[in-house]
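K.L.:
Here is what each chain is made of, one letter per residue.
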Amino acid sequence: GAVVSQHPSRVICKSGTSVKIECRSLDFQATTMFWYRQFPKKSLMLMATSNEGSKATYEQGVEKDKFLINHASLTLSTLTVTSAHPEDSSFYICSARQQASTDTQYFGPGTRLTVL
Amino acid sequence: AQKVTQAQTEISVVEKEDVTLDCVYETRDTTYYLFWYKQPPSGELVFLIRRNSFDEQNEISGRYSWNFQKSTSSFNFTITASQVVDSAVYFCALSPPIYNQGGKLIFGQGTELSVKP
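Sequence lines, in order, name chains A and B. Residue numbering for the first sequence follows this note's numbering, starting at 8 and increasing by one per position. Residue numbering for the second sequence follows this note's numbering, starting at 71 and increasing by one per position.
These are calculated hints, taken from the structure and not from any lab test. Even glycine gets a Cβ: it sits at the ideal position worked out from N, Cα and C. Be a bit skeptical, because a hint or two may be false.
Said to hold, decoys possible - Heads up, simulated EDC-like pairs for lysine to aspartate or glutamate below, C-alpha to C-alpha not over 16 Å straight-line: (1) B:174 to A:66; (2) A:49 to B:96; (3) A:62 to A:72; (4) A:48 to B:182; (5) A:49 to B:114; (6) A:48 to B:80; (7) B:140 to B:92; (8) A:49 to B:80; (9) B:86 to B:156; (10) B:108 to B:92; (11) A:21 to A:94; (12) B:108 to B:80; (13) B:73 to B:96; (14) B:186 to B:88; (15) A:73 to A:94; (16) A:48 to B:114.
To be verified - Distance windows between CB atoms, simulated: (17) A:47 to B:124: 34 to 40 Å; (18) A:90 to B:141: 47 to 53 Å; (19) B:84 to A:25: 45 to 51 Å; (20) A:24 to B:118: 35 to 41 Å; (21) A:23 to B:80: 34 to 40 Å; (22) B:73 to A:46: 18 to 24 Å; (23) B:73 to A:70: 22 to 28 Å; (24) B:141 to A:19: 47 to 53 Å; (25) A:70 to B:125: 35 to 41 Å.
Chain A with its partners taken away, still in its complex shape (with noise of 0.2 Å):
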């Protein structure tokens, strides 16, 4: 139980073009989506919280412009890379919250972005 995966699981474009990843919760229904960016070598970095049928609340320094979410459903959240440049280049992951349990977040295999 407490699937989640992401599509892609790698991606790599041009400058300037937008890039969707998808996030989703296989075996349960998940009211919270996060998204997370890490750096080699580094922690996680919490880029925005995602609750169903609202908008995402971002965290400090993180450009909602660019980085829209979506969370159009119990199940599936998105995250849209907009105009990409070489320095979004990171890996992305994302988590979800199950409804029935309050606190744990079960983590997707991440997507790793290359903007050339």
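Go by the hints and put chain B onto chain A.
P.N.:
Chain B in isolation, oriented as in the chain A frame:
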């Protein structure tokens, strides 16, 4: 302010050795949750344990054990008889309850464990 400190950046052991990963946290909340996650080279974070602030009982799961001490604000993780497959980055994390900041996870910097054959 809430903070998690994992002072050990890297640890290297030889297979079958015991190893302890330290985690010290700071919080003013009386109710909070502590977690350990494992991140193998594949990148996915694997949930290992969740402990609430009112439960100071130590826990053992196979070769893994956790020592939670509120008096020292520590939540240390011990691997007994380490194996090569234990090589990974281990993260300790703290979260307040959902009604406080939405239960956001505050991660430590991680400890990279390398178990050599």
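K.L.:
Does each hint hold? Answer for all of them.
P.N.:
Hints and how they fare:
no., hint, in the structure
1, B:174 to A:66, "holds (11 Å)"
2, A:49 to B:96, "violated (20 Å)"
3, A:62 to A:72, "holds (12 Å)"
4, A:48 to B:182, "holds (9 Å)"
5, A:49 to B:114, "holds (14 Å)"
6, A:48 to B:80, "holds (11 Å)"
7, B:140 to B:92, "holds (14 Å)"
8, A:49 to B:80, "holds (12 Å)"
9, B:86 to B:156, "holds (11 Å)"
10, B:108 to B:92, "holds (14 Å)"
11, A:21 to A:94, "holds (12 Å)"
12, B:108 to B:80, "holds (14 Å)"
13, B:73 to B:96, "holds (5 Å)"
14, B:186 to B:88, "holds (13 Å)"
15, A:73 to A:94, "holds (12 Å)"
16, A:48 to B:114, "holds (14 Å)"
17, A:47 to B:124: 34 to 40 Å, "holds (37 Å)"
18, A:90 to B:141: 47 to 53 Å, "holds (51 Å)"
19, B:84 to A:25: 45 to 51 Å, "holds (48 Å)"
20, A:24 to B:118: 35 to 41 Å, "holds (37 Å)"
21, A:23 to B:80: 34 to 40 Å, "holds (38 Å)"
22, B:73 to A:46: 18 to 24 Å, "holds (19 Å)"
23, B:73 to A:70: 22 to 28 Å, "holds (25 Å)"
24, B:141 to A:19: 47 to 53 Å, "holds (50 Å)"
25, A:70 to B:125: 35 to 41 Å, "holds (40 Å)"
Hint check: a violation occurs at hint 2 only; the rest are consistent with the structure.
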